[in-house]
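Trainee: The chain contents come next:
Protein chains: 2
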Amino acid sequence: MKSSPGAPIGIFDSGIGGLTVVKSVMQALPNESIVYFGDTARVPYGIKSAETVKEYALQITDFLLRKRVKMILIACNTVAASARNAIEHKSGSVPVLDVISAGAQAAAALRHEHNMIGVIGTLATVGSGAYEDALKQQNPSLSVFSKACPMLVPLAEEGWIDNEVARATLDIYLRDFTHTRFDGLILGCTHYPLFRDQIMAYFNNPNLQIVDSADAIAAMAAEYLDNARLLNSAPDQTTFSCYVSDKPQRFQALAERFLGKNINRVEVVNMP
Amino acid sequence: MKSSPGAPIGIFDSGIGGLTVVKSVMQALPNESIVYFGDTARVPYGIKSAETVKEYALQITDFLLRKRVKMILIACNTVAASARNAIEHKSGSVPVLDVISAGAQAAAALRHEHNMIGVIGTLATVGSGAYEDALKQQNPSLSVFSKACPMLVPLAEEGWIDNEVARATLDIYLRDFTHTRFDGLILGCTHYPLFRDQIMAYFNNPNLQIVDSADAIAAMAAEYLDNARLLNSAPDQTTFSCYVSDKPQRFQALAERFLGKNINRVEVVNMP
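Heads up: the sequence lines are chains E and X, in that order.
Counting in the numbering used here, the first sequence runs from 4 upward without gaps.
Counting in the numbering used here, the second sequence runs from 4 upward without gaps.
None of these hints come from the bench; they were simulated from the model.
Mixed in with the good hints there might be a few duds.
Intra- or inter-copy, both count: the list cannot distinguish identical chains.
[Stated by the list, open to error] No more than 25 Å apart at the CA atoms, straight line, and that leaves these computed lysine-lysine pairs for DSS-like: (1) K26 x K70; (2) K250 x K57; (3) K150 x K250; (4) K93 x K57.
Taking the hints into account, I'd like the entire structure generated from these sequences.
Mentor: Written out as structure tokens, the structure reads:
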């Protein structure tokens, strides 16, 4: 199946955190249509086995291919760590980008003094070592110092970004980084960009380079589409279609928090 | 299908939090065999729609009935709130008890001065009003003051029970209760018994009556089986079978935290 420039970009995540990627893509590529799928009935993926994550990701890939997307963006770090190859195999000629490769590429392009990159992510992402692998592919002399921060997702969903609980949590997770020399910190989970200001405040270092993998994958997608002559040439007809596998409690408030604006219409699609 | 005294008790939850109910049942009924199912591939239920929760709960009920259990204990507050009737309809002559009815019955039996019961639980449980309904069935003059505490589950799973983050979180959630006169507080989620000591410390009131719904359902099950002459008469052959739909990260550490001891063998069962 040949990709067509007028086709939408497919973006998916285990839940609604991937809307931070949609937000970045809308900023980088305002003339593109987007189909988003959030697997809200089966979120979170970060605590599940790699086999289960792969199975779910392939079902979603099928769904996006039926929507005739011209490109698939894996907005979920856990999926990127466990299922990237399987998705690429299934998608055939439709290109696949993922937040881990994009974040690693952006981190490798930073100013380097210590050849050390910090990574924070879910248990599954950090446990997989996927950022380490991706960074070493970019530059074999880079090392990684990583820390799983499982409380940050529920904090973001509770809307506790800048209260005492959030600060005490960041203090526990980020403490070890203060004893380490590193050149940049990758926010290796779609929810973490919400804590960007608090993380900057914690380190209190204006030179700290933060890699937001949502911005990184949006920039990578723009470059790819431009090179492949796949940019949309009929920008007056762009659409944003949002699908979820379940309509969770407080969906609208959460979606707005991640996307930065309201979603008018959401369709619920049953997964197998 | 007629229940047999030698058959096991079936207990299920959306995840492994229901092992707190297993622990209470093992203490109250040491001579009974138990089949536990934790739907770890699809946890958490607390953020999902009632329809999805009901569908999952009926699949698990099928599984337990195929294991020929003599009784089903719904260890998940979210399931009890959304799917109790549907499960009872499917289970036929096999009796069904649930943590909400059990907790409400225990709370109604407390000393009452203010006719007000406090409830903490997940968003889904609190949003459903199920404790209020169950308490009013017990005693129409009882009122309920409830608060959703979504951060307590991830805190328990991170093992942060008694640190600064846990204390700051409890302070936010429990603050409103300090302005309210109530006779007892129901811990309306299987994870919450882990915070029992911290909650007692927060209120700093030795007369505070706490209803642990795990203990309540275990006592109710013991009474029911005794009355129905269904207590196991061959106690030297008791077994504990533990099934999950996915083997999550850090499973053993988590299971031990909730059950209070090691689980030697866990079987993974694929749900549809």
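Trainee: All hints are to be evaluated individually against the structure, with a verdict given for each.
Mentor: Hints, one by one, checked against the model:
no. : hint        : result
1   : K26 x K70   : within (20 Å within a copy, 48 Å between copies)
2   : K250 x K57  : both (22 Å within a copy, 14 Å between copies)
3   : K150 x K250 : between (31 Å within a copy, 22 Å between copies)
4   : K93 x K57   : within (12 Å within a copy, 33 Å between copies)
Hint compliance for this structure: no hint is broken.
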